[in-house]
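Asker: Going down the list, the protein sequences come from chains H and A.
Each residue of the first sequence is one higher than the last, beginning at 0 in numbering that gives the first Met the number 0.
Each residue of the second sequence is one higher than the last, beginning at 0 in numbering that gives the first Met the number 0.
It is worth saying that the hints were derived from the structure and are not from the lab.
Keep in mind the model is a prediction, meaning the values are calculated, not measured.
Honestly, I wouldn't trust all of these hints.
[Said to hold, decoys possible] Okay, derived cross-link-like pairs now, SDA-like style, lysine to any residue, Cα gap no bigger than 25 Å in a straight line:
| hint | chain 1 | residue 1 | chain 2 | residue 2 |
| --- | --- | --- | --- | --- |
| 1 | H | K103 | A | F355 |
| 2 | H | K223 | H | P133 |
| 3 | H | K288 | H | F347 |
| 4 | A | K120 | A | E193 |
| 5 | H | K288 | H | D153 |
| 6 | A | K163 | H | R117 |
| 7 | H | K103 | A | P145 |
| 8 | A | K223 | H | I299 |
| 9 | H | K163 | A | I300 |
| 10 | A | K163 | H | D209 |
| 11 | A | K103 | H | V361 |
| 12 | A | K163 | H | D189 |
| 13 | H | K103 | H | R117 |
| 14 | A | K104 | H | Y108 |
| 15 | H | K92 | A | R98 |
| 16 | A | K293 | H | A216 |
| 17 | A | K103 | H | P133 |
| 18 | A | K163 | H | A159 |
| 19 | H | K293 | A | S211 |
| 20 | H | K120 | H | T160 |
| 21 | H | K293 | A | L213 |
| 22 | A | K85 | A | N67 |
| 23 | H | K92 | A | F355 |
| 24 | A | K92 | A | T160 |
| 25 | A | K92 | A | E156 |
| 26 | A | K288 | A | V208 |
| 27 | A | K288 | A | I300 |
| 28 | H | K103 | H | D209 |
There are 2 protein chains.
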Amino acid sequence: MEVFEFLEGTEREELLASFTDTEVAAIIEEMSDDDRTALFDELPAKTVKKLLAHLSPEERKLANALLNYPADSAGRIMTPEFIDLKESMTAAKALDRIRATAAKKETIYTSFVVSPERKLKGTVHLEDLILASPETAVTDLMDELPVFVSTDTDQEEAAATMSKYDLQTIPVVDREHRLVGILTFDDILDIVQEEATEDFEKMAGISPVDESYLDAAILTLTRKRFTWLLVCIVTQLFSSFILAHYSFALESVVALAFFIPLLTGTGGNTGTQAATLVIRGLTVGEITKEDVHKVITKEIISGLLLGGALALLASLRAWSMGTGYGVAATVAVSVAGVVMLGNLVGAFLPFVAKRFNIDPAVMSGPFITTVVDIMGLLIYFEVARRVLVLG
Amino acid sequence: MEVFEFLEGTEREELLASFTDTEVAAIIEEMSDDDRTALFDELPAKTVKKLLAHLSPEERKLANALLNYPADSAGRIMTPEFIDLKESMTAAKALDRIRATAAKKETIYTSFVVSPERKLKGTVHLEDLILASPETAVTDLMDELPVFVSTDTDQEEAAATMSKYDLQTIPVVDREHRLVGILTFDDILDIVQEEATEDFEKMAGISPVDESYLDAAILTLTRKRFTWLLVCIVTQLFSSFILAHYSFALESVVALAFFIPLLTGTGGNTGTQAATLVIRGLTVGEITKEDVHKVITKEIISGLLLGGALALLASLRAWSMGTGYGVAATVAVSVAGVVMLGNLVGAFLPFVAKRFNIDPAVMSGPFITTVVDIMGLLIYFEVARRVLVLG
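Extracted from the complex, chain H is given alone in its bound form (with noise of 0.2 Å):
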């Protein structure tokens, strides 16, 4: 049994597919309550119905309750084997109760004080228990102000909070405050790299992809892939319609079209640079809401320097290459401008999602550079418009 909870995804498909309906009941039966909701909601609908028929009446009712909660809430993954002790219970009382009902929870470690209508009044480490005398009342041994989550908050939220305060358990409680479930240190870990999967995969320009990458079936991975590349490549089809207005200028300097990779690249790779590091400040923590300005004068800064430096090298390339001093001077200001652009862009659009409540990683990478793309096209024709005295 403990062996089949760290199976993967579609080893324990295989697995159920390959025992009697008899041997599934008694596996699933048996999972604890998280790791059973966790397994559902891996499998295909019909599949889960299916199973749920195994489960004794009284399991299907919880398993059913936990499933109800909106995906990816701690609702969804809590766990109702929790040790409730009352506020009238001596520390021995409080003992008793625990070795009574241990085998069947899921930490013994911390219990959950409730009132008579259920509602979180505290929790007690079993350390301060045995340690206490046993005439102790449980109510002075509590920690009366317990950090909790509810039901509907969202998972990595509550993971942020457990890691935050250093707790190997969380109470989650619905909106009467009634205590409902726990989470519990090992579903943190796995909510922790889970979500930063998901977030590689954003910031990649990718769907979030729920089996692991040898397992998921090629049309998904393609599917979830082609999304972002279809909005880049319409997004692109303005770069070649800016091309086309400037063409008069490429037609008398053929030189100015030997630059455009290297401008294009660098201000992407600058802008996914910026991104990257809002993003992942904002999605830690690190960043808020507030730290906008403090982070566009920090992008400005390191823009002017960076900017500066790659100018350099690019327009003494351009000389080398004997396209003139026009030309060099022309990439010289543009690749200035196009780093300046990718780490305002870069830095700027996480808060905008931010602003309106998407996950800032969704600002990825591709898109960035894409935008970055179009407007340094133009940042650099208008340019050497100018400097080239064209058209």
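Keeping the supplied structure of chain H fixed, place chain A upon it in accordance with the hints.
Answerer: Using the frame of chain H, we list chain A on its own:
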């Protein structure tokens, strides 16, 4: 004190600076060992030396021991504050020892059974000691084959091991299998977040930044970003060389220039996507070195599908701009080619890095984009030369 441990790096430094030496000494002495090591790790070397002077001789010895392990190793972040039990103890004796020493230990939920030579023999859970009859031998309750890491295990690997086995604590042994410390759950969450941030930075072509974005000096951030931008712009110089080489083609058909950003952009985007999927898979262990053939096969098929769809779109656009069939055909073939190229380069380079024991995340988006840009331009102009019968 507990509040102090939750503060961010700079806040801590500022706070420390505002105290007298004696106050600082009091704070430092009361910190838990692993948090103290983390603090010292963040401070400049000079400050650390001054602070070490404040410790009692015993504590200084401990801090030094922790500091002598390589950076990012389990030895560096472990705490020696664990409860050790002898093989000869009964459950009752063990509980007595736990009660007596609990206050100074990082966790009391897991105790560690050691031989007289301090070799790790097993782990015992508090739960089992409490539920067992008092006369049971500790050796009958212990897990005789506990998962462990060694002092020089990389902290990322240690975190992955704890995550894999859902462990709240893991013993750390030296080369003689002697128990020297433990890692606890709160260390691991911090590591997982830190390592994810580092990977995000690497993949965006930024050398890992130690401080948070807002704390980091602008010059530091600029320097961390400059290296890869420099590599990329120097590599991009090949693209100007290639374009100069094919200037005869651009001079005869200026419309070829219109699609350069679209082409390089698309190649870069697909390359970033493929690289992200493979790098993340390698990092979390879902993909291993042996899977290279499976991955490349997947990327070839998805490259055909994505390339086909995007080529159709791009060539329709070229045709609708009145560039003629030749340019439209060139764009179609090249977009398909560059998408395949992006997939292959993006998927393959992380395996190459892994092969040479380099973190695959250094195969950053900017670098892959640049490589694909250059190879993509070669494809484009070679196709153009043949299709349009130029040169």
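Asker: Work down the list of hints and note, for each, if the structure agrees.
Answerer: Hint check results:
no.	hint	result
1	H:K103 x A:F355	violated, 48 Å
2	H:K223 x H:P133	violated, 59 Å
3	H:K288 x H:F347	holds, 11 Å
4	A:K120 x A:E193	violated, 32 Å
5	H:K288 x H:D153	holds, 19 Å
6	A:K163 x H:R117	violated, 34 Å
7	H:K103 x A:P145	holds, 23 Å
8	A:K223 x H:I299	holds, 16 Å
9	H:K163 x A:I300	violated, 44 Å
10	A:K163 x H:D209	holds, 19 Å
11	A:K103 x H:V361	violated, 46 Å
12	A:K163 x H:D189	holds, 9 Å
13	H:K103 x H:R117	holds, 20 Å
14	A:K104 x H:Y108	holds, 15 Å
15	H:K92 x A:R98	holds, 19 Å
16	A:K293 x H:A216	holds, 12 Å
17	A:K103 x H:P133	holds, 22 Å
18	A:K163 x H:A159	holds, 20 Å
19	H:K293 x A:S211	holds, 13 Å
20	H:K120 x H:T160	holds, 19 Å
21	H:K293 x A:L213	holds, 8 Å
22	A:K85 x A:N67	violated, 28 Å
23	H:K92 x A:F355	violated, 60 Å
24	A:K92 x A:T160	violated, 31 Å
25	A:K92 x A:E156	violated, 35 Å
26	A:K288 x A:V208	violated, 28 Å
27	A:K288 x A:I300	holds, 20 Å
28	H:K103 x H:D209	violated, 30 Å
Consistency with the previously given hints fails for numbers 1, 2, 4, 6, 9, 11, 22, 23, 24, 25, 26, 28, ordered from lowest to highest.
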